[in-house]
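Residue numbers (this note's numbering), protein chains in the order written: chain A, 1 to 348; chain B, 1 to 467; chain C, 1 to 249.
None of these hints come from the bench; they were simulated from the model.
None of the values given here were measured: they were computed from a predicted structure.
Treat each hint with caution, since some may be false.
Said to hold, decoys possible - Listed below are the simulated DSBU-like cross-link pairs for lysine-lysine, each with C-alpha atoms no more than 35 angstroms apart in a straight line: (1) Lys408/B <-> Lys228/C; (2) Lys415/B <-> Lys185/C; (3) Lys444/B <-> Lys141/A; (4) Lys185/C <-> Lys249/A; (5) Lys250/A <-> Lys58/C; (6) Lys253/A <-> Lys408/B; (7) Lys196/A <-> Lys21/C; (8) Lys103/C <-> Lys408/B; (9) Lys411/B <-> Lys242/C; (10) Lys58/C <-> Lys253/A; (11) Lys17/C <-> Lys256/A; (12) Lys137/A <-> Lys372/B; (13) Lys299/A <-> Lys334/A; (14) Lys254/A <-> Lys80/C; (15) Lys408/B <-> Lys325/A; (16) Lys237/A <-> Lys411/B; (17) Lys316/A <-> Lys372/B; (18) Lys295/A <-> Lys223/B; (19) Lys242/C <-> Lys228/C; (20) Lys250/A <-> Lys369/B; (21) Lys268/B <-> Lys220/A; (22) Lys299/A <-> Lys367/B; (23) Lys4/A <-> Lys408/B; (24) Lys77/A <-> Lys316/A; (25) Lys325/A <-> Lys369/B; (26) Lys415/B <-> Lys21/C; (27) Lys444/B <-> Lys249/A; (28) Lys415/B <-> Lys8/C; (29) Lys415/B <-> Lys249/A; (30) Lys268/B <-> Lys249/A.
Given next are the chains, with one letter for each unit.
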Amino acid sequence: MDIKVNETPVRTSRNFRINNITINNIDIPKKLNEFKNVEIFEDKALIEKDVSQLNLAYGNGEILKENVQNEANNVLKITTNGINKQIRLIYTFDKENLNLINNIEFIINHDSNITILYKSNTNEVCFHNGIIRLIAKDNVKVNISIINMLNNNSYNFDTIDNKLESNSNVKYTIVDFGGKYSVSNYYSNIVGKNAKNDLRSIYLGIDSQIKDINYIAELKGENTDINIDVQGALKDKARKNFKGTIDFKKGCKKAKGDENEFCMLLSPEAKSIALPMLLCTEDDVEGNHSTASGKVDEKSLFYIMSRGFSENEAIKLIVRARFNKIIERIKDEKIKENILLQIDERLN
Amino acid sequence: MASKTKVEDINRNIYDIKDKDNYEFKIQKGLSREIVEEISKKKNEPEWMLDIRLKALEAYNKLELPTWGPDLSELKMDEIATYVKPKTNLNTSWDDVPEDIKNTFDRLGIPEAEKKSLAGVGAQYDSEVVYHSIKEDLIKQGVIYTDMETAVREYPEIVKEHFMKCVPITDHKFVALHAAVWSGGSFVYVPENVKLDIPLQSYFRLNSPESGQFEHTLIIVEKGASLHFIEGCSAPKYNKVNLHAGCVELYVKDDAYLRYSTIENWSKNMMNLNTKKAIVGKNAQIDWVTGSFGSKVSMLYPMSILNGEGAKTEYTGITFAGAGQNLDTGFKVIHNAPNTSSVVNSKSISKDGGACTYRALVRISEKAKGSKCSVSCESLMLDDISRSDTIPVNDIETDEVEFSHEAKIGKISDKEIFYLMSRGLSEEDAKAMIVRGFAYPVSKELPVEYAVEMNNLINIELEGSIG
Amino acid sequence: MDKLLEIKDLHVSAQNKEILKGLNLSINRGEVHVIMGPNGAGKSTLANVILNNPQYTKISGKIRFEGENINELKTNEIAKKGIFMSFQSPEEIPGISTLNFLKYAKNKVSDEPVKSFKFRYLLKKYIDELNMNPKLIERNLNVGFSGGEKKKNEILQMLVLEPKLAILDETDSGLDVDAIRTVSKGINMYKNDTNAVLIITHNNKILENLDVDYVHILVDGKIVKTGKRELADEIEKNGYEKYKKVEEE
Numbered sequence: 001m002d003i004k005v006n007e008t009p010v011r012t013s014r015n016f017r018i019n020n021i022t023i024n025n026i027d028i029p030k031k032l033n034e035f036k037n038v039e040i041f042e043d044k045a046l047i048e049k050d051v052s053q054l055n056l057a058y059g060n061g062e063i064l065k066e067n068v069q070n071e072a073n074n075v076l077k078i079t080t081n082g083i084n085k086q087i088r089l090i091y092t093f094d095k096e097n098l099n100l101i102n103n104i105e106f107i108i109n110h111d112s113n114i115t116i117l118y119k120s121n122t123n124e125v126c127f128h129n130g131i132i133r134l135i136a137k138d139n140v141k142v143n144i145s146i147i148n149m150l151n152n153n154s155y156n157f158d159t160i161d162n163k164l165e166s167n168s169n170v171k172y173t174i175v176d177f178g179g180k181y182s183v184s185n186y187y188s189n190i191v192g193k194n195a196k197n198d199l200r201s202i203y204l205g206i207d208s209q210i211k212d213i214n215y216i217a218e219l220k221g222e223n224t225d226i227n228i229d230v231q232g233a234l235k236d237k238a239r240k241n242f243k244g245t246i247d248f249k250k251g252c253k254k255a256k257g258d259e260n261e262f263c264m265l266l267s268p269e270a271k272s273i274a275l276p277m278l279l280c281t282e283d284d285v286e287g288n289h290s291t292a293s294g295k296v297d298e299k300s301l302f303y304i305m306s307r308g309f310s311e312n313e314a315i316k317l318i319v320r321a322r323f324n325k326i327i328e329r330i331k332d333e334k335i336k337e338n339i340l341l342q343i344d345e346r347l348n
Numbered sequence: 001m002a003s004k005t006k007v008e009d010i011n012r013n014i015y016d017i018k019d020k021d022n023y024e025f026k027i028q029k030g031l032s033r034e035i036v037e038e039i040s041k042k043k044n045e046p047e048w049m050l051d052i053r054l055k056a057l058e059a060y061n062k063l064e065l066p067t068w069g070p071d072l073s074e075l076k077m078d079e080i081a082t083y084v085k086p087k088t089n090l091n092t093s094w095d096d097v098p099e100d101i102k103n104t105f106d107r108l109g110i111p112e113a114e115k116k117s118l119a120g121v122g123a124q125y126d127s128e129v130v131y132h133s134i135k136e137d138l139i140k141q142g143v144i145y146t147d148m149e150t151a152v153r154e155y156p157e158i159v160k161e162h163f164m165k166c167v168p169i170t171d172h173k174f175v176a177l178h179a180a181v182w183s184g185g186s187f188v189y190v191p192e193n194v195k196l197d198i199p200l201q202s203y204f205r206l207n208s209p210e211s212g213q214f215e216h217t218l219i220i221v222e223k224g225a226s227l228h229f230i231e232g233c234s235a236p237k238y239n240k241v242n243l244h245a246g247c248v249e250l251y252v253k254d255d256a257y258l259r260y261s262t263i264e265n266w267s268k269n270m271m272n273l274n275t276k277k278a279i280v281g282k283n284a285q286i287d288w289v290t291g292s293f294g295s296k297v298s299m300l301y302p303m304s305i306l307n308g309e310g311a312k313t314e315y316t317g318i319t320f321a322g323a324g325q326n327l328d329t330g331f332k333v334i335h336n337a338p339n340t341s342s343v344v345n346s347k348s349i350s351k352d353g354g355a356c357t358y359r360a361l362v363r364i365s366e367k368a369k370g371s372k373c374s375v376s377c378e379s380l381m382l383d384d385i386s387r388s389d390t391i392p393v394n395d396i397e398t399d400e401v402e403f404s405h406e407a408k409i410g411k412i413s414d415k416e417i418f419y420l421m422s423r424g425l426s427e428e429d430a431k432a433m434i435v436r437g438f439a440y441p442v443s444k445e446l447p448v449e450y451a452v453e454m455n456n457l458i459n460i461e462l463e464g465s466i467g
Numbered sequence: 001m002d003k004l005l006e007i008k009d010l011h012v013s014a015q016n017k018e019i020l021k022g023l024n025l026s027i028n029r030g031e032v033h034v035i036m037g038p039n040g041a042g043k044s045t046l047a048n049v050i051l052n053n054p055q056y057t058k059i060s061g062k063i064r065f066e067g068e069n070i071n072e073l074k075t076n077e078i079a080k081k082g083i084f085m086s087f088q089s090p091e092e093i094p095g096i097s098t099l100n101f102l103k104y105a106k107n108k109v110s111d112e113p114v115k116s117f118k119f120r121y122l123l124k125k126y127i128d129e130l131n132m133n134p135k136l137i138e139r140n141l142n143v144g145f146s147g148g149e150k151k152k153n154e155i156l157q158m159l160v161l162e163p164k165l166a167i168l169d170e171t172d173s174g175l176d177v178d179a180i181r182t183v184s185k186g187i188n189m190y191k192n193d194t195n196a197v198l199i200i201t202h203n204n205k206i207l208e209n210l211d212v213d214y215v216h217i218l219v220d221g222k223i224v225k226t227g228k229r230e231l232a233d234e235i236e237k238n239g240y241e242k243y244k245k246v247e248e249e
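For reference, chain A alone in the conformation it holds in the complex:
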């Protein structure tokens, strides 16, 4: 079947080719066995197999939402309590576990570090469709990383829906490498006074990979803050659609929103579309966005090559340098190393 997903919060002309993405001839799996290859590391968090009723502000369209509602083969409700600090979920796809439909709910009562990794040990087509809901309660700090390292034949659909209560501070780090199609829908409801949300992500597209990224932040509370920073590189015939929306809602006096998107084009056939939106119905706010695209800076390239690096090595170095400040935020050393390795492999 064909599905249309990842609608922008505000439509614009169809000719601009960015309102949504159509994915043709996709098999959406149903009636699955439980996804076995999941490693859960946690420190005495409360894990239940039942989540609250789904109620998404945006999400990846009805079909994929219902797919999660009715067919999820991995359901986790994770409530943190005073002691736990680290939570790690590692999903490994293999021949027996090709399809993952997961529904995860985080209730964060205390400062926490969370890492979620998707990787594949097979070259067959993997399918992941998942929803993560996260509620950050008053005053908590959350540091969450989501890493997609599926193979390049796969489908990856992420829906993330956050609610930030007063004085909470939620940091997201998203690494988006895998998938033939990788579609991310991220929504933050920044409702509590002084709540801060910081979202940094990197993507790397090669071959004919398609990344469709849709980040939406609604600032509702007073003195709230959103900072979105997206760094990417596209090689070969890879394509990326980035839609980033900062929506200053009535009542968000003194709120700040920053959005920065940078795309390095590493081949003449790579394609990059960006729609960085600022929507505003409040006056005492500060909103900024900037986007830029282009080739690797020739001066840097020349400088590095003058020190004996080949062009390809130099490009790798520059890409790594740009990605590094985002990768640094991931707390797991092993995963971090893995990401750096992947950058090198993908750029070879």
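Chains B and C: place on chain A using the hints.
Okay, now just chains B and C, sitting in the frame of chain A:
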């Protein structure tokens, strides 16, 4: 001592004076094949033009309303008369223009400006151009500046080659509507290497209630030629919706230059659904300067298609939305050839519940290696009941480009207000000065009389001051 | 004694943090006062709060100017009373030329209409004396001015507007020796028996050619020591350490 600052509405006194709806012929409201045929017949048009109209009507009936942007539900085509012929023919002397119509243009300062600073003037009243003139020496150099109807009659080959070719009739529903019922507008032809050092100006006035204006502007600037064209428009306010669906087609040939300035000051019952496009040749340049102040709803996104290597475009625009206005404006550019460049500088001001949207497209195609584009847009919110959205699409299809885009949204800086107040300015004066300064990069690009007008628009009043 | 400015037990906060913690200061006509102090002591806060910058909140205390309480006056009203502040970083205001702005502001602070001829004559004189590029005043207010040009433009405004009290908030910072000398020259041109100057500074280069009456040391929101010009020299030699310690005891 609660006092509130208010950046005042545009002073509309001059624009709002209505003439009696004193037409020679007003077509029945609505849109049908009969109506289109009748317009064509009234104009004594050649067959080929009627064909275009009928094809466009067909397209209109097939095309859907846009699924995005402002709400257009108040627009009911059944209640709009698409053709209103004033009681006069085309004149070349203001003395021959009927008194009431002449008075209207006098109030708008058109004959005055003509004497002082223009090389030629066109004036349209409702559906027909009532006055057209051009300086003798330009005629000698082969410059043509006339109304579209005359152009269809006297230069059919040029018109056929260009009319609705830059903007295809199927572009969107209101382009199709325009092509079906178009009337009036200006035709400009500047021959090779002829450079006009003072501008031409066309002014469009819609007086008749519950009607539409569908003027067509076709400008051809031949190789190495140069032109500054100014377009002004206004209408008095009525209670029911009026419609403006003009179309502007600009051909800027190799090495040519065109500057297209617009001050749009329609009344607040106007649906302004206008389409403007330019095709730009090798090393040629089109600059757009646009001030959007009027209308209830505007959807207007001038477009530059950079087809020739080294072609350039600049867009400088300001949009000012007050109570009851939803102004959805912006710019589109297609980089279609190597080493093309574009610079966009957009500003908007929202107040009293008005809504401004900057909607834009930058597309750098695979053919456009070595191209550059830089976009800057800034939005000012003057209160918390207004709205300001920025919706820019950046579509980059090749790697050898330099593309950057920046946008800002916010209120007037407290620091600047404090600085000016420390020099003795009241808070209101300080705010007005800052708002004018915000608009300055645009107003400085406007013809002087428009810039003065624009600064007057940004006036300040003190209200609710209770001792 | 003809008292111009009198500040009594002034407490001021910004962003919920108390910055001035009981400051007293008295300035008479004909005097030149200098306030020195380490970073963050509250020097700029003092200047801003005299002009009633809404970014700062007065918790308690009084500011009187010519015997009148000006605590509640708006910034422009205070300017009209005759207080001028030279900004540490002057704002850039596009859309109005410096010349037109000067005329406009002069009319705002003057009671009687400004005579065009005299205005032009004085302006030209000041521009020459300040060694400014005369083209500068045709440009938009501070837009694209260098740091030094901005500061000179502040002094020019001071001369043109003829306030009773001029507060110079680190006007010398970021300037080279020649420019600092020009600023001092401007101050001397302005200064007479009926007006007064309050100079906020980090170093005493700017004081070299000036007749300084009082030097105040501002530490942690209070004036901890007042002396004659020798105090400035002592600070230059030994720094603020000594006075910080006094505070801690």
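Inset, instruction - Below or equal to 35 angstroms on CA atoms is what counts here, so check lysine 295/A against lysine 223/B. - result: Between lysine 295/A and lysine 223/B the Cα gap is close to 34 angstroms, so the pair holds against 35 angstroms.
Inset, instruction - Given the hint that lysine 408/B pairs with lysine 325/A, test it: the Cα-Cα distance must not exceed 35 angstroms. - result: At roughly 25 angstroms apart (the allowed maximum being 35 angstroms), lysine 325/A and lysine 408/B satisfy the hint.
Inset, instruction - Verify the proposed pairing of lysine 299/A with lysine 367/B, using a straight-line Cα cut of 35 angstroms. - result: Holds, at about 24 angstroms.
Legend entry - Distance restraint between lysine 242/C and lysine 228/C, which requires alpha-carbon spacing of 35 angstroms or less: Holds: lysine 242/C and lysine 228/C sit about 17 angstroms apart, inside 35 angstroms.
Legend entry - Restraint status (C-alpha distance of lysine 253/A to lysine 408/B at most 35 angstroms): holds (16 angstroms)
Inset, instruction - For the pair supplied as a hint, lysine 250/A and lysine 369/B, confirm whether the alpha-carbon distance does not exceed 35 angstroms. - result: violated (43 angstroms)
Inset, instruction - Mind checking the alpha carbons of lysine 415/B and lysine 249/A for me, to see if they're no more than 35 angstroms apart? - result: holds (25 angstroms)
Inset, instruction - Compare the distance between the alpha carbons of lysine 415/B and lysine 185/C with 35 angstroms, and conclude whether the hinted pair is satisfied. - result: Answer holds: lysine 415/B to lysine 185/C is near 28 angstroms, not above 35 angstroms.
Inset, instruction - Take the C-alpha atoms of lysine 196/A and lysine 21/C, compute the straight-line distance between them, and say whether it is at most 35 angstroms. - result: holds (32 angstroms)
Legend entry - Holds or violated: lysine 254/A to lysine 80/C, with C-alpha atoms at most 35 angstroms apart: Cα-Cα ~31 angstroms, so holds.
Legend entry - Pair hint lysine 299/A and lysine 334/A, alpha-carbon separation not exceeding 35 angstroms: Status holds; Cα separation ~33 angstroms.
Inset, instruction - For the pair supplied as a hint, lysine 268/B and lysine 249/A, confirm whether the alpha-carbon distance does not exceed 35 angstroms. - result: holds (27 angstroms)
Of the numbered hints listed earlier, those contradicted by the structure are 1, 3, 4, 9, 12, 16, 20 and 24.
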